[in-house]
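Undergrad: Here is what each chain is made of, one letter per residue.
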Amino acid sequence: MKVAYWPGCVSRGFTPELHGSMAQVAPLLDIELVELDRACCTGAGVIAEHNQELADALNARTFALAQQVEGAELMMNICSTCQGAQTECQERLDANAEYRAHVNTHLEPEGLSYEKGLTNKNFLWLLVEEIGLDALRARVKRPLTNLKVGPFYGCYIVRPMDRLGIDDELPRDTYLALVIEALGGTVIEYAGSHKCCGFPIITMNKEASLKQAGRHLGDALDADADCVVTPCPLCHLNLDLQQPLAERAAGRSLGMPVLHLPQLVGLALGLEPKELGMDKHVVKPTQVIDWTTSVVAGVGAGNDGW
Amino acid sequence: MAAIADSDQGPETKGAMQEFTLRIRRFNPETGEAPYWDEHTIELEPHRSVLEGLLQAKGRFDGSIGIRCSCKAAICGSCGVRINGQPGLACHTHLDKAAASSQTGDGVIVVEPMGNMPVIKDLIVDMDAVHWKKIARVTPWLINKEPVPEREYVVDRESMVDVTQAMACIQCGACVSDCLSMEVDPSFIGPAALAKAYRFVGDPRDDQQFERLKDLAEDPAGIYDCTHCFKCIEACPKGVAPMNQIMRLRRRAGNDHGIVDRNNGARHESAFGTLVKQGGLLHEAELLPRSYGGDSWFGKFAPPAGLELIDSLPVITRALLRRKVTPKAALFPHKLAKADLQNVQRIFEAIEEKEDRHELNLYITGYDEEPAAGGEHSQAAPEQGQPGIEPEDSPTR
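Note that the protein sequences, when read in sequence, are chains Y and S.
18 is the number of the first residue of the first sequence in the numbering used here; add one for each residue after it.
3 is the number of the first residue of the second sequence in the numbering used here; add one for each residue after it.
Hints listed in this document are in silico derivations from the structure and should not be mistaken for laboratory results.
Computed from a predicted model, the values in this text were never measured in an experiment.
Just so you know, even glycine gets a beta-carbon here, dropped at the ideal spot from N, CA and C.
Errors might be hidden in some of the hints.
Here are some chain S residues the structure puts well away from chain Y; computed CB gaps all over 10 Å [to be verified]:
no.: 1; residue: PRO31
no.: 2; residue: LYS135
no.: 3; residue: PRO151
no.: 4; residue: ASP208
no.: 5; residue: ASP217
no.: 6; residue: ILE261
no.: 7; residue: VAL317
Mimicking PhoX-like on lysine-lysine, the simulated pairs with C-alpha atoms at most 20 Å apart in a straight line are [claimed, not checked]:
no.: 8; chain 1: S; residue 1: LYS216; chain 2: S; residue 2: LYS147
no.: 9; chain 1: Y; residue 1: LYS223; chain 2: S; residue 2: LYS302
no.: 10; chain 1: S; residue 1: LYS279; chain 2: S; residue 2: LYS302
no.: 11; chain 1: Y; residue 1: LYS297; chain 2: S; residue 2: LYS216
no.: 12; chain 1: S; residue 1: LYS123; chain 2: S; residue 2: LYS60
no.: 13; chain 1: Y; residue 1: LYS165; chain 2: Y; residue 2: LYS301
With beta-carbon atoms standing in for the labels, derived distance ranges [as the list claims (entries may be wrong)]:
no.: 14; chain 1: S; residue 1: GLY109; chain 2: Y; residue 2: THR162; range: 31 to 37 Å
no.: 15; chain 1: Y; residue 1: ARG159; chain 2: S; residue 2: LEU309; range: 45 to 51 Å
no.: 16; chain 1: Y; residue 1: PRO160; chain 2: S; residue 2: PRO48; range: 38 to 44 Å
no.: 17; chain 1: S; residue 1: LEU309; chain 2: Y; residue 2: GLY287; range: 44 to 50 Å
no.: 18; chain 1: S; residue 1: GLY87; chain 2: Y; residue 2: GLY201; range: 47 to 53 Å
no.: 19; chain 1: Y; residue 1: ALA152; chain 2: S; residue 2: ASP358; range: 46 to 52 Å
no.: 20; chain 1: Y; residue 1: VAL157; chain 2: S; residue 2: MET162; range: 56 to 62 Å
no.: 21; chain 1: S; residue 1: ASP108; chain 2: Y; residue 2: GLU289; range: 41 to 47 Å
no.: 22; chain 1: S; residue 1: LYS216; chain 2: Y; residue 2: VAL157; range: 56 to 62 Å
With these hints in hand, go ahead and build the complete structure from the sequences.
TA: Okay, structure coming up:
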């Protein structure tokens with residue numbers, strides 16, 4: 018399937034392995050990515066906090082660009098924060114024709130216009146709803162047997178539920194668990210799976226921010242997880258990049274590998290860890306990968322080659 | 003009570019009785035014993051509330067169950083609890099829906115006291131110790147402009163519509179219960195109190211809006227301590243969306259009053275906008291130093307940015323060693339192509355130079371159209387809060 022693909026800023030900046038691994042995984046799932054390279058930052062909620070109309074106009078521009086991609090069935094995100102920020106803007110644009118027309122006046126000079134009703138899905142949603150768990154299961158070459166994975170959703174992709182279209186029919190707040198199972202892994206339930214990583218306040222209240230990251234990783238560790246997986250690069254920054262400081266804030270050592278969703282999928286689909294940029298993480302995923310054989314392994318795997 | 007209600011309904015309208023199992027978290031700190039779970043099977047019509055179920059269990063099986071309630075109609079805010087892990091009003095949750103959302107696998111409805119507050123007994127938490135203290139913290143009354151008019155204040159209708167959402171709060175504490183910032187930082191003023199603060203900051207009759215905002219922005223546990231997790235929006239049974247009120251407070255503090263706080267809140271927001279305007283995409287390496295040191299290229303050389311750099315050295319070193327971040331990527335930001343960047347900048351300028359912000363509050367306006375048939379983006383019915391004024395009559399349009 019062909020999708021208008023919005024990678025976001027962080028996946029091309031501080032977590033380049035996310036964008037890279039998505040590009041590797043897409044062809045294996047028959048997803049054709051048409052990158053929206055003309056679109057700008059979603060504002061991550063911060064621009065909306067500053068000026069709602071500005072955030073709505075910038076994102077309406079992105080939606081309009083996505084609607085111009087010929088043959089694309091929908092727009093796809095790999096960043097939960099982008100998904101949440103965009104969905105918030107789309108909710109306002111779709112709810113009110115007069116407001117939509119007003120915002121579209123900002124796009125007119127470029128010859129763009131957003132038409133109501135764009136379908137915009139995170140890669141996680143697309144995996145479950147478009148590709149389907151059975152089809153995904155059928156493509157698994159290297160099942161994640163015995164790998165204990167703690168899902169970490171982040172906030173923007175699970176709340177508010179009505180805005181994100183989460184209900185009994187589309188239980189999107191359970192999809193990570195479904196995907197982990199489909200890939201052959203074991204789902205670890207722990208207290209922090211749907212909580213906040215703390216990243217939005219890292220510059221405002223560093224202590225509280227890192228305490229959040231540290232606590233959730235600690236909970237996952239106590240629940241015996243080998244790693245956690247997240248569909249959000251900003252969560253990844255606080256959970257992986259900042260983990261040495263989160264350990265300090267939580268007062269305990271953690272050493273918890275944090276995988277991006279496309280990396281976990283890629284491993285099961287048979288890609289090599291280095292192709293997925295797994296050597297770029299701050300916390301070495303040695304609990305996930307036996308680097309001597311490049312296969313998925315449980316706890317206690319060697320870390321040769323590092 | 004239940005018996006009276008039953009007899010009120012004729013045999014035609016009376017639904018079939020059904021059994022529901024309630025698993026109640028019991029705790030009495032005065033006994034010195036650990037909390038425990040207590041199960042009772044009650045019998046009621048499925049549309050009855052969890053509160054009615056609890057009262058039946060209390061009446062029939064165990065009079066010692068502690069639950070606070072009064073109006074039974076989602077008005078008084080007394081019966082805030084957690085049902086199947088989610089905060090809400092026991093009187094506002096149907097038994098059948100609660101059973102359907104059960105996480106136990108066998109339809110058992112799990113009822114616990116709210117979080118972030120100490121338990122007095124069973125399902126009763128100490129609202130005074132947390133919630134009401136925080137409400138008192140934000141000066142929850144109108145500070146009159148002088149001279150006080152002899153008769154009533156006359157204000158624009160529009161200006162009061164803006165605060166109606168915050169005024170819908172019934173002080174049940176559901177948002178406080180699940181606030182994720184408060185979970186790690188109990189000093190955080192929190193969603194309910196900050197929504198209350200906006201109720202007065204947004205009121206044109208109030209005389210000290212600047213002072214209120216300055217106070218809440220400078221407090222390390224104030225408006226910039228909210229981590230934007232949407233938990234309070236999800237928790238609120240009245241559609242108050244406390245987080246949105248906190249964002250309004252930030253907007254007013256930074257934009258309207260130019261308050262640059264010690265918590266880097268205003269600088270962070272300003273730097274974010276500047277960097278996106280400059281490059282179309284966010285230049286993360288520059289965002290952090292600017293948030294600490296000031297929103298300009300020189301920000302990173304300011305002492306607070308230097309201190310932060312030193313504090314974060316272990317992280318920066320490892321990121322560079324692992325080639326997660328290359329010096330090139332840190333110094334030279336990714337940018338949009340020139341033509342696109344110009345269009346993005348044009349939008350920034352057109353909107354930022356306007357004197358009035360154009361905002362759409364869906365709580366007030368509601369949804370004017372049905373969601374597209376078959377569309378994935380399922381629109382919320384304006385079930386939360388009030389159904390909304392008809393769009394034509396909406397004062398914000």
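Undergrad: Give a verdict on every hint.
TA: Hint check results:
{"no.": "1", "hint": "PRO31", "in the structure": "holds (23 Å)"}
{"no.": "2", "hint": "LYS135", "in the structure": "holds (19 Å)"}
{"no.": "3", "hint": "PRO151", "in the structure": "holds (33 Å)"}
{"no.": "4", "hint": "ASP208", "in the structure": "holds (22 Å)"}
{"no.": "5", "hint": "ASP217", "in the structure": "holds (16 Å)"}
{"no.": "6", "hint": "ILE261", "in the structure": "holds (14 Å)"}
{"no.": "7", "hint": "VAL317", "in the structure": "violated (6 Å)"}
{"no.": "8", "hint": "S/LYS216 to S/LYS147", "in the structure": "holds (18 Å)"}
{"no.": "9", "hint": "Y/LYS223 to S/LYS302", "in the structure": "holds (18 Å)"}
{"no.": "10", "hint": "S/LYS279 to S/LYS302", "in the structure": "holds (19 Å)"}
{"no.": "11", "hint": "Y/LYS297 to S/LYS216", "in the structure": "violated (42 Å)"}
{"no.": "12", "hint": "S/LYS123 to S/LYS60", "in the structure": "holds (14 Å)"}
{"no.": "13", "hint": "Y/LYS165 to Y/LYS301", "in the structure": "holds (16 Å)"}
{"no.": "14", "hint": "S/GLY109 to Y/THR162: 31 to 37 Å", "in the structure": "holds (33 Å)"}
{"no.": "15", "hint": "Y/ARG159 to S/LEU309: 45 to 51 Å", "in the structure": "holds (46 Å)"}
{"no.": "16", "hint": "Y/PRO160 to S/PRO48: 38 to 44 Å", "in the structure": "holds (42 Å)"}
{"no.": "17", "hint": "S/LEU309 to Y/GLY287: 44 to 50 Å", "in the structure": "holds (47 Å)"}
{"no.": "18", "hint": "S/GLY87 to Y/GLY201: 47 to 53 Å", "in the structure": "violated (28 Å)"}
{"no.": "19", "hint": "Y/ALA152 to S/ASP358: 46 to 52 Å", "in the structure": "holds (51 Å)"}
{"no.": "20", "hint": "Y/VAL157 to S/MET162: 56 to 62 Å", "in the structure": "holds (58 Å)"}
{"no.": "21", "hint": "S/ASP108 to Y/GLU289: 41 to 47 Å", "in the structure": "holds (44 Å)"}
{"no.": "22", "hint": "S/LYS216 to Y/VAL157: 56 to 62 Å", "in the structure": "holds (57 Å)"}
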